[in-house]
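> Now for the letters of each chain:
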Amino acid sequence: MTAELLEICRSVAASAQVGEQIEAYAVRTRETDIEVFDGHVESLSVAGIDGIGVRVVADCRQGFAWAGTLDPDVVRDTVEDARDNAGFAEPDDWNGLAAPDDVAGVVAADLDLWRDELLSVSTDAKVEFVLSLDEALRGADTRIRGVESASYGDGAIESALASSNGVEAVLRRTRCSASAAALAGAGDRTQSGYGFAVGRTFGALDPDEIVAMAVERTVRMLGARQIASRRIPVILDPLVTASFLGVLAAAFNGESMLKGRSLFQDRVGEQVAARFLQIIDDPTDDAMMGAAPHDAEGVPCRRNALVVDGVLQGFLHNTMTARRAATTTTASATRAGFKGTPGVGVRALSLSPGTKTPEQILAEAGEAFYVQGVSGLHSGTNPISGDFSVGAEGLLVRGGTFAEPVREVTIASTLPRMLLDVVDIGTDLTYLPGSTAGQTLLLADMTLSGS
Amino acid sequence: MDTAMGESSMPGPLVDTGLLERTIAEALRGGGEFAELFVEDRATSSARLDDGRVEELVSGRARGAGIRVVAGDTTGFAHTADLTEPGLLSAAAAAATAARGGAARSRRAALPAEPRHYSNDVLVVSESVPKAAKIELLKCADDSARSEGSAIRSVSASYAEGRRRILVANSDGLLASDERLRTRFYVQAVAAGDTGMQTGYDAPGRTMGFEYYDEFAVDEIARKAARQALTLLDAVPAPSGRVPVVLKRGAGGVLFHEACGHGLEADLVERDASVFRDRVGERVAAPGVTLIDDGTFAREWGTFGIDDEGQPARANTLIDDGTLTDYMWDLVRARKAGRTSSGNGRRETYQVLPMVRMTNTYLIAGDTDPDDIVSDTEFGVYCVQLGGGQVNTATGDFVFGVTEGYLIEAGEITRPIRPAQLIGNGPAALREIDAIGNDFATWSGMCGKSGQSVPVSSGQPTLRLHGLTVGGTAA
Chain A
1 MTAELLEICR SVAASAQVGE QIEAYAVRTR ETDIEVFDGH VESLSVAGID GIGVRVVADC
61 RQGFAWAGTL DPDVVRDTVE DARDNAGFAE PDDWNGLAAP DDVAGVVAAD LDLWRDELLS
121 VSTDAKVEFV LSLDEALRGA DTRIRGVESA SYGDGAIESA LASSNGVEAV LRRTRCSASA
181 AALAGAGDRT QSGYGFAVGR TFGALDPDEI VAMAVERTVR MLGARQIASR RIPVILDPLV
241 TASFLGVLAA AFNGESMLKG RSLFQDRVGE QVAARFLQII DDPTDDAMMG AAPHDAEGVP
301 CRRNALVVDG VLQGFLHNTM TARRAATTTT ASATRAGFKG TPGVGVRALS LSPGTKTPEQ
361 ILAEAGEAFY VQGVSGLHSG TNPISGDFSV GAEGLLVRGG TFAEPVREVT IASTLPRMLL
421 DVVDIGTDLT YLPGSTAGQT LLLADMTLSG S
Chain B
452 MDTAMGESSM PGPLVDTGLL ERTIAEALRG GGEFAELFVE DRATSSARLD DGRVEELVSG
512 RARGAGIRVV AGDTTGFAHT ADLTEPGLLS AAAAAATAAR GGAARSRRAA LPAEPRHYSN
572 DVLVVSESVP KAAKIELLKC ADDSARSEGS AIRSVSASYA EGRRRILVAN SDGLLASDER
632 LRTRFYVQAV AAGDTGMQTG YDAPGRTMGF EYYDEFAVDE IARKAARQAL TLLDAVPAPS
692 GRVPVVLKRG AGGVLFHEAC GHGLEADLVE RDASVFRDRV GERVAAPGVT LIDDGTFARE
752 WGTFGIDDEG QPARANTLID DGTLTDYMWD LVRARKAGRT SSGNGRRETY QVLPMVRMTN
812 TYLIAGDTDP DDIVSDTEFG VYCVQLGGGQ VNTATGDFVF GVTEGYLIEA GEITRPIRPA
872 QLIGNGPAAL REIDAIGNDF ATWSGMCGKS GQSVPVSSGQ PTLRLHGLTV GGTAA
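Note that the protein sequences, when read in sequence, are chains A and B. For the first sequence, position 44 (counting from the first letter as 1) is numbered 44 according to this note's numbering, and the numbering increases by one without interruption. For the second sequence, position 88 (counting from the first letter as 1) is numbered 539 according to this note's numbering, and the numbering increases by one without interruption.
The following block holds chain A by itself, in its conformation from the complex (with noise of 0.2 angstroms):
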């Protein structure tokens, strides 16, 4: 089926003009998703999504289009309208495709991304699966009144790319993922939490954990009220610890330096975190759910080290801002699916492995607020000046262990000022869906601001 996309592509590749760059991604997945709702299966469905991209450089100028099929006729409409299109762009001198010399050089990891067990998991084996998640949920304390939603997910994807450049790249992956939600509490002390857990099989997800976590991050919250505001040392949750890397991302992005838009602006060689803490960008790591061979554009990825004892190192590169900057790539073409073009983004971000576990952190944090989950985090964190200002929730932290659950509060400070106050790293890296992973994070004072 790889080789099917890739024919296709070098075909479109092969329509170049002269003077003409092309280049196709080429996408095909397959799906299943269930949920479930009061002990019965409420949706399941099983479906393929098919896609191109075309991207056409000529004179400088880029233009792209899209389809949501293969049909050969509907592709070669689409190469024309990413004609017509580059004809309204401006010229822009970096504009261009991933060059062979950008591809050669490193050589593109052998990652462990795909597993045939997936495909060969029935239906039935997967409805059971769910249907057995929520009623152990259910069962599994007597505080838990409800199950607001079971689910399962996966997804088989497979993509190929080629340029008139003579690049060309393939990739499949398997994914997998179930979650539940629990409800616990009644009319408007009502709490709910959720558990739960991702991997490339299906045999890698284990109900019970799904279960314990939701369960704790449930009831630990009852009884949960708005707290006054003060100034407080704050502990992370990994996973959300996972989510404030996600914004962080930004700041590392070359196209938003060479914008002027990064916070890390100018600040190559700086101290701009606290002196043990370490940035990596490894999508070579193949624990991390986004880890892949290659980037968007073709280009083999590699291990991106932007932290180094708190010292910023670099930003990240496709080959347009590589260019601009003249810098090579870091290989970090990312595009969102077969819609877009390719931009720049972080494919596996996380944090130097801490040295202490979450029960030491707890014991030598004090007073602390532990925060279990927050919200608004994209449109309360401002990615230029670093401000952000958050809803969060999670529990008092005294003597070691948690005390009273918070709710209605917000967390506010400055991404770079957070950087700089990290104290503690836990040890217990948790990987995420997505491009990021997480640990037990202890920052100094912040500002929590209740009634």
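Heads up, simulated DSS-like pairs for lysine-lysine below, C-alpha to C-alpha not over 25 angstroms straight-line:
id, chain 1, residue 1, chain 2, residue 2
1, A, Lys259, B, Lys675
2, B, Lys900, A, Lys339
3, B, Lys675, B, Lys590
4, B, Lys590, A, Lys259
5, B, Lys582, A, Lys339
6, B, Lys787, B, Lys900
7, A, Lys339, A, Lys259
None of these hints come from the bench; they were simulated from the model.
Go by the hints and put chain B onto chain A.
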């Protein structure tokens, strides 16, 4: 297959009636009491200017059908990009297998010969306007934003236009089609000053063709974004803690969209994931508060002829003078509850199942002069623009960002404040409304739910909330 987009406003059906009937019959063959075929043909076009240069133009096209079969409590779903007879019948069989309900039977729903067609009254189909004219709009926006002040460091502008034809047929004999054109222009400006870089943006969206630009001058959109960025350069830290909050007309509709709208969606109510469950007939808001969701609101961003289950758009009163009157419904949940849909069944594409979604959700005006609301406020925050928000419908807790706000000191709007988050609880915020202005405006945005994003608008008169928690950094 012909994929060219027709220029006429009354195109032929996407799939002929005979094939629709055969597909529905196939979907029901394995049992199931309801089957539906949703066909979509979509074309989008956009362009972006950044750093003074038109970077790229993007166009896209997609066409396909989603088929669902309801058997008991289970919905089976499949979709295909292949609208030929074999493609549709095979998707119908897959949806039927997924539903696997009841005894096999032979049933054929009779459909009308022609779909009942709806469409918004588009004056100028955007595809008929040359791309060069649209590029000029981007350049005009860039010039206008930069002319607001030398502190404007960078400007990005984009337009997006979409045309979506849908056709819905179901086993109840429904056959309806709709054509929607939407247009949105977006400008973001970044200003640099002593306090670092600040951003401003504006992005009105409407269910309109190219005549959108008669209503919205791009230079005005650009100037508004630039002025906001420049204003924020002088911003002081936002207060921290509970203070009175005045929401300028249009600015705060998103609060009610988040704080109550989502909790009034029947799917979440059914799941026991709403604080408004079992509360119809009860007082849930201050007197004078009337909340409406209106899919017919002329040319608004969340408007359509029929929803994505073929039900005509309606105006529905959700809260009437403080009392909860009804939830919002989609067709499948309404069928189960033995009532009619409220026209709130929406889906992002044919590749996903519809669910209960808002359209244009607004609070109606009261009779207080908005200036009096401000002058009656000793100290507080005046919100001119809110960014995105989020709600946990089970608890009613919400947050949303203030992207342009000011302090109110001694009854006067004074200094701008840095972006901050507002946090509160939906039912509590509804009870906190203590002044309702006699003005009104709307705001357009994209609403995300379970991974699906749809255009919505929200609206409200100038309002005061007696107390809301502001998450600033001021001491």
